[in-house]
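S.K.: The chain contents come next:
There are 2 protein chains.
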Amino acid sequence: MNAAFAELTALLGPERVLTEPEHLAVYGFDGTAAISGEAGCVVFPECTAEVGEILKLATKYAAPVVSRGSGTGLSGGSVPSAGCIVLCLVRMDRVVELDSANLTILVESGVVTQTVAGLADAEGLLYPPDPGSMKISTIGGNVAENSGGLRGLKYGITRDYVMGLEVVLADGSIHWLGSKCVKDVAGYSMRDLFIGSEGTLGIITRVLLQLVPKPAARRTMLATYSRMDAAAATVSAIIAARIIPCTLEFLDRITIRCVEDFAHIGLPRDAEAILLMETDGHPAVVAEEAEQMERIARENGATDVTVAADAAEAARLATARRAAFSALARVSPTTILEDATVPRSELARMINHIQEVGARHRLRIGTFGHMGDGNLHPTFLTDERDHEEMERVELAMQEIFDFAVELGGTITGEHGVGLAKKRFLPRAIGESSVALMRQVKRALDPQGILNPGKIFD
Amino acid sequence: MNAAFAELTALLGPERVLTEPEHLAVYGFDGTAAISGEAGCVVFPECTAEVGEILKLATKYAAPVVSRGSGTGLSGGSVPSAGCIVLCLVRMDRVVELDSANLTILVESGVVTQTVAGLADAEGLLYPPDPGSMKISTIGGNVAENSGGLRGLKYGITRDYVMGLEVVLADGSIHWLGSKCVKDVAGYSMRDLFIGSEGTLGIITRVLLQLVPKPAARRTMLATYSRMDAAAATVSAIIAARIIPCTLEFLDRITIRCVEDFAHIGLPRDAEAILLMETDGHPAVVAEEAEQMERIARENGATDVTVAADAAEAARLATARRAAFSALARVSPTTILEDATVPRSELARMINHIQEVGARHRLRIGTFGHMGDGNLHPTFLTDERDHEEMERVELAMQEIFDFAVELGGTITGEHGVGLAKKRFLPRAIGESSVALMRQVKRALDPQGILNPGKIFD
Chain A
1483 MNAAFAELTA LLGPERVLTE PEHLAVYGFD GTAAISGEAG CVVFPECTAE VGEILKLATK
1543 YAAPVVSRGS GTGLSGGSVP SAGCIVLCLV RMDRVVELDS ANLTILVESG VVTQTVAGLA
1603 DAEGLLYPPD PGSMKISTIG GNVAENSGGL RGLKYGITRD YVMGLEVVLA DGSIHWLGSK
1663 CVKDVAGYSM RDLFIGSEGT LGIITRVLLQ LVPKPAARRT MLATYSRMDA AAATVSAIIA
1723 ARIIPCTLEF LDRITIRCVE DFAHIGLPRD AEAILLMETD GHPAVVAEEA EQMERIAREN
1783 GATDVTVAAD AAEAARLATA RRAAFSALAR VSPTTILEDA TVPRSELARM INHIQEVGAR
1843 HRLRIGTFGH MGDGNLHPTF LTDERDHEEM ERVELAMQEI FDFAVELGGT ITGEHGVGLA
1903 KKRFLPRAIG ESSVALMRQV KRALDPQGIL NPGKIFD
Chain B
1483 MNAAFAELTA LLGPERVLTE PEHLAVYGFD GTAAISGEAG CVVFPECTAE VGEILKLATK
1543 YAAPVVSRGS GTGLSGGSVP SAGCIVLCLV RMDRVVELDS ANLTILVESG VVTQTVAGLA
1603 DAEGLLYPPD PGSMKISTIG GNVAENSGGL RGLKYGITRD YVMGLEVVLA DGSIHWLGSK
1663 CVKDVAGYSM RDLFIGSEGT LGIITRVLLQ LVPKPAARRT MLATYSRMDA AAATVSAIIA
1723 ARIIPCTLEF LDRITIRCVE DFAHIGLPRD AEAILLMETD GHPAVVAEEA EQMERIAREN
1783 GATDVTVAAD AAEAARLATA RRAAFSALAR VSPTTILEDA TVPRSELARM INHIQEVGAR
1843 HRLRIGTFGH MGDGNLHPTF LTDERDHEEM ERVELAMQEI FDFAVELGGT ITGEHGVGLA
1903 KKRFLPRAIG ESSVALMRQV KRALDPQGIL NPGKIFD
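So the protein sequences, as listed, match chains A and B. Sequential numbering from 1483 applies to the first sequence in our numbering. Sequential numbering from 1483 applies to the second sequence in our numbering.
Warning: the hint list may mix true and false statements.
Stretch-level coverage of chain B by chain A, calculated; a stretch enters the list once three of its residues show a Cβ under 8 Å from a Cβ in chain A [said to hold, decoys possible]:
1. 1652–1666
2. 1691–1702
3. 1824–1831
4. 1894–1902
Treat the hints as calculated values from the structure; they're not laboratory data. Quick reminder that beta carbons are idealized off the backbone N, C-alpha and C, glycines included.
Sequences and hints are given; from them, build the entire structure.
M.R.: See the structure below:
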């Protein structure tokens, strides 16, 4: 590999190729607990042509390449394989074009998601996907993982806003996939194949995103429950009333307590569940829907409903949800955030199952997540040094994922498979579907140098 | 092939295998002008398992298989290749489940699109994609072609509502791709690869669709223009006002006259363009947007704006657009409907170009289409028996597609590539992107028996 690293240094200059162990250590992790790896080098391309040259070199030396942005992934997708080239795209952070007439923005993949959101906002537009990591994660990573967020029910996920991609294949060839046209059916949607492919099919270098008009109004409220099933019934009743809120977030008792200890919002520590609900759109619609949602929450057993009087109070209420992961991460040495997902109608059964599994395996599991789209985050508060407990975590996870699949759900709603879920994938989607994915992988990356060992072996 | 047909007859019974020339003749066409083929037999499976058995036989005999539903396609995608097995899915027309709690409907692929729309409507829900053919086309065909419709700008296209697919591969294996979860990132989205793959990667047997709440109100209006650029300016100004109407349809002078001769709606025969505009949603929003749209149309040079007073008048106005293709099809022996598509901001340039090309090549081209999403239908009124004129049609098409691509658009917005656009594809997306698609095709259909020669050779 030293010959490959020397050629990379000749290509990019020594300041853009890291090979010292103390530098490499930093790039051995992403946001996933208990998973790490050791890169051979880290390179920082500044343009698509350089990415192409790097991949030609990688192909020549059959060297594995693991791409990454800010490294906020939660399934180990950008954790380096041993001795690989880490291709870090953070220097490719140009905003190429904000096209207000066509409601699109074209950015390099290293642009931080919040930057896109901010630019859209300044034009009276909205970039709807809002993954929890958006203040630091990059658009390229969001597309590679097909990230979700808090607004999935109403607005969908990252895939729904990607109109075009520039990708570099393993052989270094550069492809533009997609267009500014809402309708474009000229051949297979290779664009959609790359979205969510976790760096295993190609390197995403540019992203063309669709924006929408910014909603003129929003209303936030927080409902408190002494019984979890009452919270689930509220969600069902809201949908049955044909209301699609932009946010319908859930916190269980463990999470509520951790958040309150951390953020001192004034949450009821004895509540069994809280729902954070938000509606956005035209002021008349928001007023009407907020009133209906408050009434439905009370009718379905909410012990209290607080409607935010202004933006400041809305932000305070939203902190309850935004702070959930950080609050849980503080209380244990190792915090494993999962994202088992089920059809919305099965939420109550899934949450009960998680609690039952946690009790039976003597584990602390805080659960929160996106009730509107059935995307739950059972979060294991554990310690990776305790091998016996980790074995129970493993058993509990398998039971939780099996049940999610049994209910028509999935083992990952928004974090991806990466390394963390790989062992659960065949049982979840079937060996034959995994085989199908392998055939596609082989067709596009015959040497298998792109993010090897992620998603499947 | 006779051995294959005999085995098919043994499998399905003689009444579900057609081999007589007079029967086969009916299946030699789809909705595309001037393209036909001769099938070897036509088979009618009634369940997924039978489709699997048919494909196993096809693989055994290396026999080409062309799947179809109602045959309304407009790019020759379901025109049979010589001697092939036509796999006609119209008998697989069961509605499996309407899940009101999760806002989904699961149907077999032979279900007519209008049936889905009707079932959704009865539940207070909406299936938004509304291709022009929806009263006769099937959902399987819509998914295979990734059909568009009149509501693309606001609601998107077929892809945006497909949550899951059951597909049968060339080897007869059956795969379920997707789930009822809005968020599901367990591996590559094979589902999205099959959407729009025009029957070349697998046979779609079941489709899980997402529904949305039905808008409570809608308002329809028709604006008349003496200058085409004033119509385009209206569209730009509406978007700049951050209004996303559900419909923004355009008819040029030739189309207006043909429609008026055909449907006697009372359209102004001397107008250069008309815009059919519709907003839907909450009554308060609809009222406000309709008023703004009417004002914007007048400010941008509309000579007249008619706002429908009731549903009956709205239906009458909508006829202007719904009847466009039928009206144009009456006036010439051969009517070739194209769907060149450009970013919305380039519409005026594209329409001018089409008119200039038509005049220069002495051709009659009526143009109508979806202004909101840049999807135009330049329609050649010609006669396929006139070989000299057909040569000019060919030249004009190439010039129109080249210009669409130059403007950042595409050669097909919603009809697919099929046979009709195949020769234009490499120049439009580049040889290297076509090669990428070929690699995927080879991985999933190594013998190349599924709809051979469609999209690319």
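S.K.: It remains to establish, for every hint, whether it holds in the given structure.
M.R.: We went through each hint and held it up to the structure:
{"no.": "1", "hint": "1652–1666", "in the structure": "holds (count 10)"}
{"no.": "2", "hint": "1691–1702", "in the structure": "holds (count 3)"}
{"no.": "3", "hint": "1824–1831", "in the structure": "holds (count 4)"}
{"no.": "4", "hint": "1894–1902", "in the structure": "holds (count 6)"}
Consistency with the previously given hints is maintained throughout, with no hint failing.
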